[in-house]
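Participant: Here are the chains, one letter per residue:
2 protein chains.
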Amino acid sequence: MEYRISNRLAALKPSAIREIFKATDNPSIVPFALGNPAPESFPVEVIRTFTKEILDENPAVALQYGITEGYAPLCALLRERMRDVYHCGREGDDLIVVSGAQQGAELAAKALCDEGDTVLCENPSFIGVLNAFRSLRVNLKGIPLHEDGLDIEALEQALRTEQRVRMLYIIPNFQNPSGITTSLEKRRAVYALARKYNIIILEDNPYGELRFAGEDLPHIKSMDEDGRVIYLGTFSKILSAGLRVGYVLGPAPVLQKMVVAKQGEDVHTAMLSQMIAARFLAWNGFAAHLERVRTLYREKCGRMLDGIRRYFDPRITHTTPQGGLFLWCTLPEGMQLMDYCKAAIAKGVAVVPGTAFLPDTQGQSQSFRLTFAAPSEEQIEQGLRLLGGIPLQ
Amino acid sequence: MEYRISNRLAALKPSAIREIFKATDNPSIVPFALGNPAPESFPVEVIRTFTKEILDENPAVALQYGITEGYAPLCALLRERMRDVYHCGREGDDLIVVSGAQQGAELAAKALCDEGDTVLCENPSFIGVLNAFRSLRVNLKGIPLHEDGLDIEALEQALRTEQRVRMLYIIPNFQNPSGITTSLEKRRAVYALARKYNIIILEDNPYGELRFAGEDLPHIKSMDEDGRVIYLGTFSKILSAGLRVGYVLGPAPVLQKMVVAKQGEDVHTAMLSQMIAARFLAWNGFAAHLERVRTLYREKCGRMLDGIRRYFDPRITHTTPQGGLFLWCTLPEGMQLMDYCKAAIAKGVAVVPGTAFLPDTQGQSQSFRLTFAAPSEEQIEQGLRLLGGIPLQ
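Line by line, the protein sequences are chains A and B. Okay, so the first sequence: first residue is 1 according to full-length UniProt numbering, each after it adds one. Okay, so the second sequence: first residue is 1 according to full-length UniProt numbering, each after it adds one.
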C-alpha cells in the first residue's frame with residue numbers, strides 16, 4: 001500500500017550524524033564525526049558494583065513500573081546538587097527525570113510551542129534538538145554565534161522582529177557543535193533580553209561538568225528570578241550515554257505538562273538506569289571521577305590542538321574549547337565544504353559538515369565539527385595527519 | 001511569569017491511572033487499580049546473571065550510545081521469533097526497538113496522523129495510548145466492544161461515515177481494560193475492513209504471551225498481505241516493566257519515519273535494557289519461564305473469579321479473561337459509578353473507574369477495572385471481601 005506520512009514528519013530527514021554513525025561502524029574509519037563520549041570515561045567498575053547492589057537489594061523497584069516524574073531518591077539528589085553546587089532552583093521550580101536531555105528539550109517545546117511558533121537558537125546548534133523542534137513544526141531562527149556566545153544585537157533584533165517567539169534554545173558551555181562558551185556578560189544579557197521580551201530560555205548543559213580549562217561560569221538558571229529558565233542536565237557525558245538518563249529543572253506548571261507528554265512517550269525512564277545514576281551521585285568517588293574525566297578530555301583536546309597546529313593548513317581556523325567534546329574548524333573562503341568532507345571520508349576520516357547543524361536547512365557553511373572524545377590518541381594523531389593531506393584547492 | 005501551554009497539551013490531563021498509582025503508594029490500600037505486572041513474575045535471578053555478564057563482557061556497548069533502530073542482536077532475535085513462532089513479518093517489513101510499546105503507539109500515530117485525522121479504537125481502550133493520540137490532536141472514535149471483540153457493523157459504519165480515518169488501534173488479546181479477546185472471525189473481519197477502507201491497523205499485543213486459558217489465536221499481523229498492520233510487542237509483562245523495552249514490526253517506510261521521530265524523543269532505548277532483553281530471548285529457560293508466568297496468572301485470576309462469585313452481588317457482571325492482567329466489572333443500571341469507586345477507596349481498595357478508558361472524555365460508564373496481577377493472593381481475597389461490602393443502593 002501507499003503510506004501517507006504526517007505533515008510533521010514528511011520532510012524530516014534522519015539526523016545526519018546518526019546516519020554517519022551507522023556508516024562509520026567500520027572500525028578502520030577515524031571517528032571524528034561521532035558525538036560519543038570517550039568510552040574510557042565510563043566508570044565501569046562502580047557501575048558493575050551499583051548494578052549488582054541494586055538487583056540484590058531492590059529488584060522489585062528496579063524491574064517494576066515507576067512514576068513518570070522519576071525515581072524519587074534520584075530527583076532528591078539532583079535537586080540538592082543543583083541547589084548546593086550551582087545555586088539553581090527556587091520556589092516554584094520542580095525537577096523531573098527524562099530519558100536523556102534530548103527528551104527534555106523535546107518535551108519543553110512540546111509543552112510550550114504550537115505549530116508556527118518561533119524558537120531562537122544558536123547558529124550552528126545541536127542537530128538532534130533542532131530536529132525534535134522541527135517535528136513539532138516550529139520555526140527555527142538561528143542567531144550568529146561569536147567566540148564569546150550569541151550576537152546579542154542580532155538576538156534583540158530577532159526578538160523585536162520575529163513573530164511568535166516563545167523560546168531561546170542555548171547551550172552555554174562548550175557548545176555542540178562549536179565548542180564555544182557563552183561569557184558571563186552574555187549570559188546576563190541573554191537573561192535580561194528574555195525577560196524584556198517575555199520568552200522562555202531552554203538552557204541545555206550536557207557538557208558543563210567537562211570543563212578542563214578556564215573558570216566555571218554560573219548557569220543562566222542561577223540568574224532566574226521569575227521562572228523563565230528551563231535547565232537540562234544529563235548523565236550521558238559523565239556516567240554513561242547508553243543508560244539514557246537526563247533531568248529537567250524548571251517551573252512546576254511547565255514540568256507538569258511535560259510529565260503528561262512524557263507519559264505518552266515512554267511512561268517513565270528505565271528504572272535500573274535511574275537507580276544506577278542515583279548511586280553514582282551519592283558515591284564518595286564522584287568528585288574524583290569527574291576530575292579524572294576532565295583530565296582525560298584535557299589531554300585528548302590538547303593532542304587534537306597540537307595535531308591541528310602540526311598538520312593543518314593555517315588557513316583552516318578552529319575554536320579552542322575550554323571543555324566538552326568538540327571543536328569547530330572553518331575552511332578558507334572559496335573552498336567547497338562538501339568536497340573537503342568527501343575527501344576526508346575517502347582518506348578514512350569521518351567529520352560532520354557544518355551544514356548538518358544549521359537551523360536553516362538551506363543555509364551554507366564553511367565549517368566542520370571534530371570530536372576528540374571518542375577517538376583514541378593514536379586515532380587523533382592519524383586522523384589529523386590524513387586530514388592535513390587534503391589539498392586546499 | 002505566566003506560562004502559555006501549547007494547544008496540544010493545554011487540555012490534556014495526566015493519566016488517571018498513573019495518578020491513582022501515586023495515591024496508592026500507600027501499602028495498606030489493596031492495589032486493584034494498578035496496571036503493574038506481578039512482581040513475582042520477573043525472572044530476577046537470571047536478570048542478575050545477564051546483567052553481570054553484559055557488564056563484564058561488553059561494557060563499552062552497554063554504556064555507549066547506540067543506533068536509534070535498536071541493538072542489532074535483539075532486533076534479529078525478535079524478527080526471528082515473530083516469523084517462526086507467530087508467522088508475522090514479510091518482505092517490506094522491518095523491526096525496531098522502542099522504549100516500551102507505548103512509545104511504539106505514539107510514534108506510529110506521529111508518523112501517520114495529522115491533527116484532525118481520526119483514529120478508531122475499542123471503547124473502552126488503554127488510556128496511556130489514548131492520551132498519546134490526544135497529544136497529537138487526532139480525533140478518537142470509540143467502537144463498541146462485545147465479548148468477542150469489536151462490533152463489526154459499528155466499525156464499518158464508522159469507516160463509512162467518519163472523516164479522515166487513518167488507523168484502527170486494537171488490543172486483540174486480553175484487552176486493557178476489558179480482558180476481552182477478539183475472536184478469529186473478528187480478526188479476519190477487522191483486517192478485511194481495513195483493506196476495504198484502506199486504513200492502517202495498529203495491533204497492540206502487550207499481553208499475548210500471558211494466555212492461561214483457551215487456544216492461541218493468530219495475530220492480525222500474520223494475516224497482513226499488503227503491509228497495513230503495525231504490530232507492537234513488549235517485554236514489560238514477561239521480563240520487566242521497569243526496563244522499558246518494546247518493539248515494532250511493520251512496513252519499512254513507516255518505521256523509517258518512526259525512527260526519525262524517536263531520534264527526537266530519546267535517541268535510542270537504554271542499551272543495558274536492550275541487552276538484557278536479548279539474553280532473555282536467547283535463554284534456554286525462556287519457554288519454561290513463560291509457562292511459569294502463565295501459571296501464576298491463571299491461579300491469581302482464578303482466585304479473583306472465585307472471590308467475585310463469593311462476595312459480589314450477582315447484579316455486578318464481569319468478564320472472564322483467558323489471559324492478561326485485567327477483568328472488567330459492570331454495575332447494575334442506576335448505580336453511580338463514582339460513588340462506588342469512592343466507597344471502594346474509603347474501604348481501602350483502589351479500582352479504576354471505566355470513565356478513564358473512554359475515547360470520549362465526556363462519556364458515561366457503569367464499569368470498573370480490576371487487576372489480579374499486582375495484588376498478592378491475600379490482597380485479592382481481602383479486597384474482594386471489602387468491595388462486596390459496598391451496598392448497591
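If you're looking for bench data, these hints aren't it; they were derived computationally from the structure. Treat the hints with care, since some could be wrong.
To give an idea of the chain B side of the interface with chain A (calculated C-beta under 8 Å), a few residues [to be verified]:
1. S6
2. G116
3. T118
4. L184
5. R188
6. A189
7. A192
8. L193
9. E225
10. E377
Just the calculated beta-carbon pair ranges, DEER-fashion [said to hold, decoys possible]:
11. A:Q163 to B:K347: 23 to 29 Å
12. A:N284 to B:K342: 32 to 38 Å
13. B:K52 to A:A252: 36 to 42 Å
Idealized CB from N, CA, C, for every residue including glycine.
Participant: Which earlier hints can't be squared with this structure?
Facilitator: 2, 3, 4, 5, 6, 7, 8, 9, 10, 11 and 12
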